Each structure stands twice: as structure tokens, then as C-alpha cells.
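Student: Listed below are the residues making up each chain.
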Amino acid sequence: MEILINAVTLGSLYLLFALGMSVAWGTIGILNFAHGSTFMFSAMVAYYTVQMVALPMWAMILLGAAVGMVLSVLTQALIFNFILRRNPDLLKAEMQIVVGGIGAASVLLAIAQHYTKSVPFGFSASTFKTTTYQLGAIHISNVQLVILVAAFGLAGLAAWWLKSARAGLALRAIGVNPEVASLMGVDRGRMALGTMAAAGALAGTAGILLTYYLGSIAAETGDSFLISAFAAIILGGIGSVIGVVVGSMILALAETLVVTQLSGTWASAVAFGLIFVVLLFLPRGIFGRKEVRRT
Amino acid sequence: MIGWYEANIVLIEATFLNFLLALSIQVPLRVGVFSFAGVGSYGLGAYTAAILTIRYDVPAFVAIGAAVVFAAVVGYLFSLIVARLNGLYLAMATIAFVLIISVLATNGGELTGGANGLYGALSDLTTGGVVAVCVVVAFLLALTERGPLRRRIEAVREDPELSMSMGIGVVTVRQLAFTVSGALGACAGAMNALLRTTVSPEEINFHLIVLALTMVIIGGSRSWMGAFIGAVIFTWLPSMLATTGRWQDVVYGLIIILAAIFMPTGLLGLVQSLYQKLRGRSRTAAPAEPPAEEAVEERAMLQALSGESKEGVR
Numbered sequence: 165m166e167i168l169i170n171a172v173t174l175g176s177l178y179l180l181f182a183l184g185m186s187v188a189w190g191t192i193g194i195l196n197f198a199h200g201s202t203f204m205f206s207a208m209v210a211y212y213t214v215q216m217v218a219l220p221m222w223a224m225i226l227l228g229a230a231v232g233m234v235l236s237v238l239t240q241a242l243i244f245n246f247i248l249r250r251n252p253d254l255l256k257a258e259m260q261i262v263v264g265g266i267g268a269a270s271v272l273l274a275i276a277q278h279y280t281k282s283v284p285f286g287f288s289a290s291t292f293k294t295t296t297y298q299l300g301a302i303h304i305s306n307v308q309l310v311i312l313v314a315a316f317g318l319a320g321l322a323a324w325w326l327k328s329a330r331a332g333l334a335l336r337a338i339g340v341n342p343e344v345a346s347l348m349g350v351d352r353g354r355m356a357l358g359t360m361a362a363a364g365a366l367a368g369t370a371g372i373l374l375t376y377y378l379g380s381i382a383a384e385t386g387d388s389f390l391i392s393a394f395a396a397i398i399l400g401g402i403g404s405v406i407g408v409v410v411g412s413m414i415l416a417l418a419e420t421l422v423v424t425q426l427s428g429t430w431a432s433a434v435a436f437g438l439i440f441v442v443l444l445f446l447p448r449g450i451f452g453r454k455e456v457r458r459t
Numbered sequence: 005m006i007g008w009y010e011a012n013i014v015l016i017e018a019t020f021l022n023f024l025l026a027l028s029i030q031v032p033l034r035v036g037v038f039s040f041a042g043v044g045s046y047g048l049g050a051y052t053a054a055i056l057t058i059r060y061d062v063p064a065f066v067a068i069g070a071a072v073v074f075a076a077v078v079g080y081l082f083s084l085i086v087a088r089l090n091g092l093y094l095a096m097a098t099i100a101f102v103l104i105i106s107v108l109a110t111n112g113g114e115l116t117g118g119a120n121g122l123y124g125a126l127s128d129l130t131t132g133g134v135v136a137v138c139v140v141v142a143f144l145l146a147l148t149e150r151g152p153l154r155r156r157i158e159a160v161r162e163d164p165e166l167s168m169s170m171g172i173g174v175v176t177v178r179q180l181a182f183t184v185s186g187a188l189g190a191c192a193g194a195m196n197a198l199l200r201t202t203v204s205p206e207e208i209n210f211h212l213i214v215l216a217l218t219m220v221i222i223g224g225s226r227s228w229m230g231a232f233i234g235a236v237i238f239t240w241l242p243s244m245l246a247t248t249g250r251w252q253d254v255v256y257g258l259i260i261i262l263a264a265i266f267m268p269t270g271l272l273g274l275v276q277s278l279y280q281k282l283r284g285r286s287r288t289a290a291p292a293e294p295p296a297e298e299a300v301e302e303r304a305m306l307q308a309l310s311g312e313s314k315e316g317v318r
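Chains as they are written, first to last, in this note's numbering: chain V, 165 to 459; chain F, 5 to 318.
Source of the hints: derived by calculation from the structure; they are not laboratory data.
Treat the hints with caution; some may be incorrect.
Below, a sample of chain V positions facing chain F; criterion: calculated Cβ distance under 8 Å [claimed, not checked]:
| id | residue |
| --- | --- |
| 1 | S270 |
| 2 | V423 |
| 3 | T424 |
To list a few chain F residues with every Cβ distance to chain V over 10 Å, as calculated [to be verified]:
| id | residue |
| --- | --- |
| 4 | A11 |
| 5 | L81 |
| 6 | L89 |
| 7 | L144 |
| 8 | E206 |
| 9 | F210 |
| 10 | V214 |
| 11 | I237 |
Keep in mind it's a predicted model, so treat the numbers as computed, not measured.
A virtual CB, placed ideally from N, CA and C, is assigned to each residue, including glycine.
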């Protein structure tokens with residue numbers, strides 16, 4: 165039971181992190197490799213702020229989301245937009261976008277390593293204190309509760325918005341066919357900025373919550389999270405919200421089971437072996453749509 | 005000059021090894037396959053060569069040859085498994101392959117030396133040998149970049165369905181790309197293990213994938229020269245930037261960003277288009293401007309494609 169709760173918590177963190185990345189990838193076609201660094205950088209900015217002012221948890225989350233949003237919008241406006249302007253064909257620009265994201269990620273990582281000297285940092289100066297509740301046989305901490313509520317609430321909100329809101333429809337239209345969507349009056353640039361802002365805010369939130377959950381994170385944590393999120397997205401199918409939820413949970417459950425039942429060094433092998441097997445039988449992920457764009 | 009060579013021998017060797025590693029990513033990219041399996045083969049090759057050298061004390065070329073053949077076979081088998089995958093789904097499967105190899109090496113017990121890796125793989129491999137292998141590889145790849153073979157490869161990349169209907173064995177070409185990629189990656193890994201006399205599982209990580217991809221994209225993804233330019237840049241840039249002191253990594257990242265924005269065809273493509281522009285300007289004096297080289301090539305490619313299948317059509 166304890167293991168299940170831990171797995172779901174980890175899965176929720178993956179979900180928060182991967183949700184924005186998956187939606188951005190599946191709709192506006194931007195695979196942002198700087199997502200992991202955005203996530204880590206938000207936590208770092210929050211850390212330096214909390215060293216000066218003892219903030220409560222909600223303020224920290226808002227701060228992290230704001231920093232993530234600003235970073236993500238800057239990446240979009242300063243790098244991806246320039247690449248797309250010089251190379252309007254999205255398919256050809258895909259590699260350039262990946263490499264540009266890698267560049268942005270290494271800039272953010274280098275700045276963070278410079279300030280933190282690669283020493284892990286945590287939010288011990290925050291006014292928030294961890295407590296554990298007992299519900300029958302279940303132990304659950306208040307951090308875990310916040311993570312679960314935030315992840316499922318935001319994923320539900322995103323799914324509803326994409327399905328029902330007019331802007332969500334426009335965004336999905338871009339994902340199906342950008343040219344036709346533009347002809348129908350969808351402002352692609354503005355939608356892209358908005359999507360990246362939301363994705364960045366989700367990454368920032370995930371960064372703050374992970375730091376509260378683990379106690380401390382290091383500058384390099386963003387990288388390993390990026391690979392896991394990438395795996396979760398592919399597992400579930402690109403662009404599908406329910407796919408990200410299922411992918412994150414499966415990945416977290418597999419990793420947690422291996423760490424607790426086998427040994428820690430095998431964790432990633434089993435996780436990636438699982439992805440491998442799923443892809444062999446379902447080449448577009450569990451909930452992947454068929455052939456949205458030619459790749 | 006000799007003093008400079010002696011002082012930078014490690015970087016010079018690393019340039020050639022990175023060149024081979026970049027090629028192992030570039031070869032599949034040229035036929036339109038997004039595969040990082042070459043980085044996994046790098047690990048396979050490094051371990052195979054190190055184990056053979058430490059246990060059986062074989063000469064360097066035997067160790068490297070065995071590593072290359074082994075990884076090529078693995079690459080071929082891998083291509084059969086992932087035949088149904090495409091695009092970034094395939095990329096993810098190959099990343100999984102790379103990371104699984106790293107974990108296998110960590111848990112390999114006595115055979116792979118566990119998390120510490122293997123030490124003391126002393127052999128008779130020299131820098132000259134590395135350069136010779138690179139020259140041969142570059143020459144063979146240059147042969148695939150001209151004539152009918154080049155047109156076939158480009159057709160497979162740009163439009164697999166069309167080339168299949170033209171009678172090009174797309175599946176065979178892709179399997180071949182995986183096999184060659186495995187051999188090249190293993191060659192780089194094996195020579196690296198023998199030159200440094202050590203190999204550890206930490207070497208085969210996500211950063212190696214990112215490095216290989218960046219080298220190819222920034223150098224140029226269409227020709228072996230692009231991979232070489234990328235290898236030179238990314239081997240020497242960090243040590244050049246050491247003079248900028250504490251902000252070295254920030255400058256490094258900024259350079260990657262600028263390259264991604266301003267050089268969509270890589271450094272090689274930039275140089276080639278500049279060269280063509282210069283040549284075109286000197287010719288504008290003539291009244292009938294000759295069509296751009298690209299257009300000629302494209303027409304030749306179409307002609308060749310239709311020529312190859314003419315008999316089937318008529």
C-alpha cells in the first residue's frame with residue numbers, strides 16, 4: 165500500500181511535468197528540450213527567494229509557476245520563433261528546435277550549477293512543515309496530498325479545456341493541420357506562446373512540489389526528469405492528456421516496484437525495457453492518434 | 005608544431021573518435037531514420053574490445069574488429085525488432101536501447117566490472133591507426149554521397165513510399181543503415197576504450213546522445229564532412245572556452261542556440277550556400293543564367309528514379 169501511494173505520488177510529479185510538454189509537442193509541434201532545466205531553474209529561484217523571505221507553500225508554488233512561465237515564454241519567443249521564422253516548414257525545423265532547446269537547457273543548467281556549486285538545495289527555510297496523516301492503513305503526508313490534488317486537478321482542467329473550450333479546439337486544430345488552422349483564423353503565434361506559458365507554469369509547479377517532496381534537489385535533477393517525462397509521453401501517446409496520465413503512472417509504478425523489490429541499479433533498465441515492449445506492440449503509444457502529422 | 009601535437013594528443017584523438025560517433029548517428033539520419041542506437045553500439049564496442057584485450061590479450065585490430073562485427077550484428081537484429089517504429093517513437097526506443105546497455109554494463113558483475121567499469125586494457129593501438137580507420141571510413145561514406153547511390157539514399161529519406169514504388173528496397177536500406185551505424189559506433193567505442201585503457205558504464209549516458217546529435221546537426225547532417233566539422237567544433241570548443249573562465253558553459257550553450265537559429269543546414273550547408281552564392285554572382289554577367297545546382301541535381305534525381313523503373317512502367 166505504502167508502495168502504491170509512493171508510486172502514485174511520483175507518477176503525479178511526472179504527470180505535472182510531462183503534461184505541458186506533451187500538449188506543446190502534440191499541438192504546436194514543439195518538443196522543448198529545455199523543459200527539464202525550466203523545471204529545475206524555477207525551484208532554484210524559489211530556493212534563493214525563500215532564503216531571504218520565509219514564504220508559505222502556496223506562495224512558493226505561485227512563484228515557481230511564474231518563473232517557469234517566464235522562462236518558457238522567453239525560450240519560445242527568443243529561440244523557437246526565430247527558428248520557425250527562418251525555416252517555416254515545421255517538419256524540417258524539428259531538429260533545429262530540438263538542438264535549440266538543448267542549447268537553452270545547457271545555458272540554464274550552467275547558470276544553476278554556477279550559483280549552487282552543484283550542491284543540492286531544499287526549502288527548509290519555508291514556513292511549510294511536513295506532517296503525516298493516518299487514514300486506516302494508509303500513511304500519507306500533506307505534501308503528497310497537495311501533489312495528488314494538483315496533478316489530477318490540473319490534468320483534468322487541461323483535458324476539459326482542450327476538449328470543450330473554443331481556444332482548446334483551435335489548439336487541437338493546429339495539431340491536426342497548421343496551415344488549414346491558420347486559414348480558419350487561428351493565430352498560431354499567440355496560441356504557441358500561450359501553450360508554452362502554460363507548459364512552463366506546470367513545469368515550475370512540478371519543480372517546487374518535487375523539492376518539497378524529496379526535501380532537496382540538485383541542478384542535475386532536471387535532466388533525469390526530462391528523460392522520464394519523454395518516456396511517459398511516448399508510452400501514453402503524444403498529445404493525449406489521458407495518455408500522459410496513464411504513461412506517467414505506469415512508468416512511476418514500474419520504477420517504484422523495481423527499486424523496492426529488486427535493486428536500485430536495475431530501475432531504469434526495467435522502466436525502459438517496459439517502454440520498449442509497449443512500443444513494439446503499440447507503435448504509437450497506448451493512446452496515440454494515428455498519423456497526425458507525417459514524421 | 006610537434007610540441008603542440010604532443011600537448012594536444014588527447015584532444016586530437018578525441019576529435020577522430022567523436023567523428024566516428026557522430027557518423028553513427030548521421031548514417032541513419034541520411035536515410036531518414038531517427039536512431040540513436042549508434043551510441044549504444046559505442047558502449048557495446050567499448051566493452052567488447054576491453055574484455056577481449058584484458059582477458060585474452062589479443063592485438064588491437066582483432067579486438068576492434070570483433071567489436072565492430074558484434075555491434076553490426078546487434079544493430080541488424082535491432083533493426084528487425086524496431087521495423088514498425090517511426091519518427092520520434094523510434095528515437096525513444098533507441099534511447100531506451102542505449103540506457104538499457106548502460107544498466108546492463110552496471111549490473112554485469114565480473115564480466116563488465118560493475119559500476120566501476122574495466123581498467124588496464126593496454127593495447128598497441130596508435131593515433132596513426134585511429135586516423136587511418138577514419139580516413140577509410142570517410143572515403144567509403146564519400147562514395148555513398150555521389151552518383152546513383154546518393155540519389156537512392158536521398159529518395160529513401162525524402163519519400164519512402166515513392167521510392168518503394170520506384171523499386172528501391174527501402175527496408176533493406178534502413179536495415180543496412182542500422183548495421184553500419186552499429187559498426188561505426190562500436191569502432192569509436194572500441195578505439196576509445198583501448199586508447200584510454202578504461203571503460204565505465206557512466207560514459208554511455210544521455211549526454212553522449214545529446215553530444216552526438218548536436219555535432220551532426222551543427223556540423224551538417226547530409227555529408228561526412230558535416231560530421232567532421234561538428235566533431236572538431238565540439239571537441240575543441242570546451243577547451244577554447246576555458247579562457248572565458250567561469251561562464252564557459254553558458255557561452256557553450258549560447259553558441260549552440262545561435263547555431264540552431266542561424267544555420268538550419270549546419271555549418272557545412274552554410275559554407276556551401278555561400279560558395280554557390282559567390283559563384284552565382286560571378287556568372288550573372290552571362291545572359292542565360294544556368295539553373296542552380298540544386299535544381300539540376302533534383303532533375304537528375306527524378307530522371308534517374310524514373311529511369312530505374314521505366315521498364316516496369318512500360
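Student: Work down the list of hints and note, for each, if the structure agrees.
Tutor: Comparing the hints with the structure gives:
no., hint, result
1, S270, "holds (4 Å)"
2, V423, "violated (13 Å)"
3, T424, "violated (17 Å)"
4, A11, "holds (27 Å)"
5, L81, "holds (13 Å)"
6, L89, "violated (5 Å)"
7, L144, "holds (25 Å)"
8, E206, "holds (12 Å)"
9, F210, "violated (6 Å)"
10, V214, "violated (6 Å)"
11, I237, "holds (13 Å)"
Hints 2, 3, 6, 9 and 10, counting from the list given before, are not met by this structure.
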